[in-house]
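Here is what each chain is made of, one letter per residue.
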Amino acid sequence: MIYEVSNLAIIIFLFIVGLVLGLSFYFARKTKSSASYYAAGGNIHWAVNGIAFAGDYLSAASFLGICGMIAYSGYDGFLYSIGYLAGWVVALFLVAEPLKKLGKYTFTDALDSKFNSKYIKLTASISTLIVSIFYLIPQMVGAGDLVVPLLGLPHWMGVVIVGSIVIFIVATAGMTSTTYVQFIKGTLLVIFSTILTIYILTNGLSLTPNDNYHKFTQTQALITNDTIVSTTDPAFVVKNTRVVDKLIFVKLEKDGVDCWYKLNKKEDKATLEEMLYIVLTPNGEKLYNGAPKSENKFYQVGHLSKIVVDGKEVDKTGPVGPFEFIKTIEKSEIVRFSKKAFTDGEDKITVWYQNPTKGEDVMKPGLLYKLSKAAGASFWDKLNFLSLMLALFLGTSALPHILIRYYTVPSQRAARKSTIVAIAAIGFFYVLTLYMGLGSMISGALDVESSNMSAPLLAKTFGVGIFSIISAIALATVLGTVSGLIVASSGAIAHDFIDKYLQVEMTDKAKVKAGKMAAVCVGIFAIILGILFKGMNVSFLVGLAFAVAASANLPAILFLLFWKKTTAKGIAWSIIVGIVSSIGIILFSPTMYDKYGLIPKDAPIPLDNPGIISIPLAVITLIIVSLLTQKENHTKDFSK
Amino acid sequence: MLHKPATNTGTDKAAAKKAKLGVKMFFVYTLVYSGFVLIGLTKPEIMGLELIGGQNIAIIYGFGLIVLAIIMGFVYNYFCTRMENKMNKN
Numbered sequence: 001m002i003y004e005v006s007n008l009a010i011i012i013f014l015f016i017v018g019l020v021l022g023l024s025f026y027f028a029r030k031t032k033s034s035a036s037y038y039a040a041g042g043n044i045h046w047a048v049n050g051i052a053f054a055g056d057y058l059s060a061a062s063f064l065g066i067c068g069m070i071a072y073s074g075y076d077g078f079l080y081s082i083g084y085l086a087g088w089v090v091a092l093f094l095v096a097e098p099l100k101k102l103g104k105y106t107f108t109d110a111l112d113s114k115f116n117s118k119y120i121k122l123t124a125s126i127s128t129l130i131v132s133i134f135y136l137i138p139q140m141v142g143a144g145d146l147v148v149p150l151l152g153l154p155h156w157m158g159v160v161i162v163g164s165i166v167i168f169i170v171a172t173a174g175m176t177s178t179t180y181v182q183f184i185k186g187t188l189l190v191i192f193s194t195i196l197t198i199y200i201l202t203n204g205l206s207l208t209p210n211d212n213y214h215k216f217t218q219t220q221a222l223i224t225n226d227t228i229v230s231t232t233d234p235a236f237v238v239k240n241t242r243v244v245d246k247l248i249f250v251k252l253e254k255d256g257v258d259c260w261y262k263l264n265k266k267e268d269k270a271t272l273e274e275m276l277y278i279v280l281t282p283n284g285e286k287l288y289n290g291a292p293k294s295e296n297k298f299y300q301v302g303h304l305s306k307i308v309v310d311g312k313e314v315d316k317t318g319p320v321g322p323f324e325f326i327k328t329i330e331k332s333e334i335v336r337f338s339k340k341a342f343t344d345g346e347d348k349i350t351v352w353y354q355n356p357t358k359g360e361d362v363m364k365p366g367l368l369y370k371l372s373k374a375a376g377a378s379f380w381d382k383l384n385f386l387s388l389m390l391a392l393f394l395g396t397s398a399l400p401h402i403l404i405r406y407y408t409v410p411s412q413r414a415a416r417k418s419t420i421v422a423i424a425a426i427g428f429f430y431v432l433t434l435y436m437g438l439g440s441m442i443s444g445a446l447d448v449e450s451s452n453m454s455a456p457l458l459a460k461t462f463g464v465g466i467f468s469i470i471s472a473i474a475l476a477t478v479l480g481t482v483s484g485l486i487v488a489s490s491g492a493i494a495h496d497f498i499d500k501y502l503q504v505e506m507t508d509k510a511k512v513k514a515g516k517m518a519a520v521c522v523g524i525f526a527i528i529l530g531i532l533f534k535g536m537n538v539s540f541l542v543g544l545a546f547a548v549a550a551s552a553n554l555p556a557i558l559f560l561l562f563w564k565k566t567t568a569k570g571i572a573w574s575i576i577v578g579i580v581s582s583i584g585i586i587l588f589s590p591t592m593y594d595k596y597g598l599i600p601k602d603a604p605i606p607l608d609n610p611g612i613i614s615i616p617l618a619v620i621t622l623i624i625v626s627l628l629t630q631k632e633n634h635t636k637d638f639s640k
Numbered sequence: 001m002l003h004k005p006a007t008n009t010g011t012d013k014a015a016a017k018k019a020k021l022g023v024k025m026f027f028v029y030t031l032v033y034s035g036f037v038l039i040g041l042t043k044p045e046i047m048g049l050e051l052i053g054g055q056n057i058a059i060i061y062g063f064g065l066i067v068l069a070i071i072m073g074f075v076y077n078y079f080c081t082r083m084e085n086k087m088n089k090n
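Protein sequence lines, in the order shown, are assigned to chains F and E. Here my numbering is used: the first residue of the first sequence is 1, the next is one more, and so on. Here my numbering is used: the first residue of the second sequence is 1, the next is one more, and so on.
The hints are simulated quantities; they were obtained by calculation from the structure and are not laboratory data.
Computed footprint of chain F on chain E, listed as stretches where at least three residues anywhere in the stretch have a Cβ under 8 Å from a Cβ of chain F:
1) 12-19
2) 60-67
Result set (DSBU-like, lysine-lysine): computed pairs, CA atoms no more than 30 Å apart in a straight line:
3) 118/F - 516/F
4) 339/F - 370/F
5) 631/F - 20/E
6) 24/E - 565/F
With beta-carbon atoms standing in for the labels, derived distance ranges:
7) 13/E - 627/F: 28 to 36 Å
8) 60/E - 306/F: 22 to 30 Å
9) 86/E - 587/F: 49 to 57 Å
10) 60/E - 282/F: 51 to 59 Å
11) 42/E - 599/F: 29 to 37 Å
12) 89/E - 627/F: 39 to 47 Å
13) 202/F - 13/E: 52 to 60 Å
14) 42/E - 602/F: 27 to 35 Å
Nothing here was measured: the structure is a model prediction, and the numbers come from that model. Just so you know, even glycine gets a beta-carbon here, dropped at the ideal spot from N, CA and C.
Produce the entire structure from the sequences given, and follow the hints as far as they go.
Spelled out as structure tokens, the structure:
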């Protein structure tokens with residue numbers, strides 16, 4: 001997709017970046033001690049911290065990823081919103097206050113508070129680093145995706161720009177500047193998402209998303225002896241057909257240009273329907289709908305094919321209320337664009353064909369996660385769904401960059417209150433994701449190459465102004481979350497590993513310097529990963545980070561808090577088993593096989609989400625090892 | 001090589017009672033959440049059934065889980081604050 005660059009978008013983006021950098025300069029002068037670098041001195045007000053929590057949590061995955069998933073898969077994308085929020089219940093009821101009491105700067109501090117164990121220091125710092133990096137990848141991918149339409153720069157440059165700004169933010173003022181960046185970003189994100197939702201509802205539903213929306217053509221196919229010989233439009237010449245998963249794609253030639261259509265057979269009628277397609281030739285040339293990208297022949301898509309209000313079909317609805325919007329979509333029919341890839345000679349073809357879907361199917365689970373027998377759900381499909389919902393529920397309270405925010409407030413009461421503020425802000429935002437996602441689905445706003453861009457492109461259909469603000473906020477979203485992740489990672493390296501595990505003698509000033517250097521290294525690593533993982537849905541990637549966190553960290557936290565027989569070795573081994581099993585399953589999953597260029601069906605483990613296996617494994621390991629090492633269980637509360 | 005908290009939070013005499021309440025409320029929410037997952041796994045077609053005001057079960061249950069988390073958060077805070085004020089008076 002080719003995007004026109006908007007000067008307003010650039011100005012707003014530069015303003016936000018300027019604001020963020022200004023804050024970093026301001027707080028840099030105050031960041032002299034390790035307490036202020038890692039925990040903002042423990043003096044942040046609970047209300048500010050609550051919104052900063054929301055800022056930390058509402059990452060690219062929430063804004064870009066979930067909206068994109070809903071735009072393509074309907075309610076299944078909303079499952080992420082439900083699961084992500086439910087995770088905060090675990091954080092509030094079980095983890096918030098005890099963790100605040102036990103820890104100092106990092107999650108490792110809390111885990112190690114009763115044991116003073118080298119095993120815990122090492123494994124927990126590695127786990128923090130791995131989870132943070134897993135979480136960093138989608139943020140950087142999202143940054144690259146955003147910069148393409150916002151600034152007209154290539155994906156990799158977006159990743160580099162965001163990475164560099166974040167390294168600067170963290171390396172100057174650590175947790176203090178990160179907290180205020182998150183606070184500003186969290187506030188702006190909720191406010192402007194509300195405005196965008198109001199736009200969607202005011203606009204209502206229409207069969208014609210906008211005046212420039214592409215009108216998809218059709219032609220009748222003439223079939224003899226089960227072979228397409230010609231079409232009713234004499235301008236088309238039939239060249240070839242391909243059958244992929246029972247779908248028939250037909251290669252036609254018009255005015256010397258090859259184009260791909262989909263054959264739809266209904267009773268005795270055979271219709272060829274226009275699709276979006278990309279052809280990758282053996283010499284590396286990429287043709288979008290038969291032409292180079294610069295010719296702009298690749299359209300934004302997504303529309304309603306039928307709108308039903310009170311049992312009657314209408315062309316448009318006019319402004320609708322929030323419940324009426326959902327109800328009307330449920331009764332209507334939406335044209336989604338589904339993807340298939342195949343080869344034609346030496347050419348690699350990717351097509352997005354029109355897939356009319358009943359609104360009632362869009363508004364319940366099943367388009368992405370096959371659950372019913374009618375949809376052909378297998379045992380593994382159901383296990384995948386269960387695994388995802390489990391990881392989302394248990395992952396939040398195991399994310400190191402979220403947990404370290406408990407150390408920025410002065411008391412346990414403040415930790416609890418800030419969690420409740422976070423739940424309210426995040427919950428409200430997640431309700432909005434359903435409207436933004438569905439709005440994208442029906443507004444001709446979808447770029448089939450990047451589901452992540454659905455919400456910003458939806459904003460663009462309402463005007464460049466709102467698009468510029470939304471995109472700039474989305475970039476700030478990435479900046480904020482990446483800052484938090486890099487603080488967590490630098491804490492794992494400099495505080496947990498170098499200071500506590502290796503016990504390198506350092507002055508407080510040197511500790512801050514080590515933290516900053518670690519932040520720079522992690523930042524550079526994140527930039528590289530962001531470039532390598534281009535094109536993946538960010539919410540899916542974050543789902544994996546949740547699974548690793550829930551497997552490696554949560555059993556350790558909960559057993560430490562609620563089971564007296566827990567030992568240091570039990571915690572350490574549970575972390576190791578959690579990390580190895582979850583990452584192992586991910587690496588051999590169908591999605592990763594697809595990423596390697598292999599056939600997903602050949603993946604040895606047919607699970608995309610590892611939680612259902614890796615979390616119980618980590619729990620069992622913790623129990624067994626703890627019971628076997630009871631003689632070494634001389635716990636002491638080192639936090640006092 | 002001790003790990004002291006970033007700030008001195010003092011002794012909280014209500015900690016044990018709050019923890020008990022937290023565990024109870026966690027189980028209540030987990031039960032409701034499990035119900036949602038269970039329906040999705042065993043009877044996904046139920047999710048599409050219309051319940052109130054033209055909204056199906058998937059929407060009402062999904063929104064309900066989000067709203068319930070917020071309400072339970074406020075209720076939990078109310079009781080915890082009351083316990084803290086009462087037990088930490090002296």
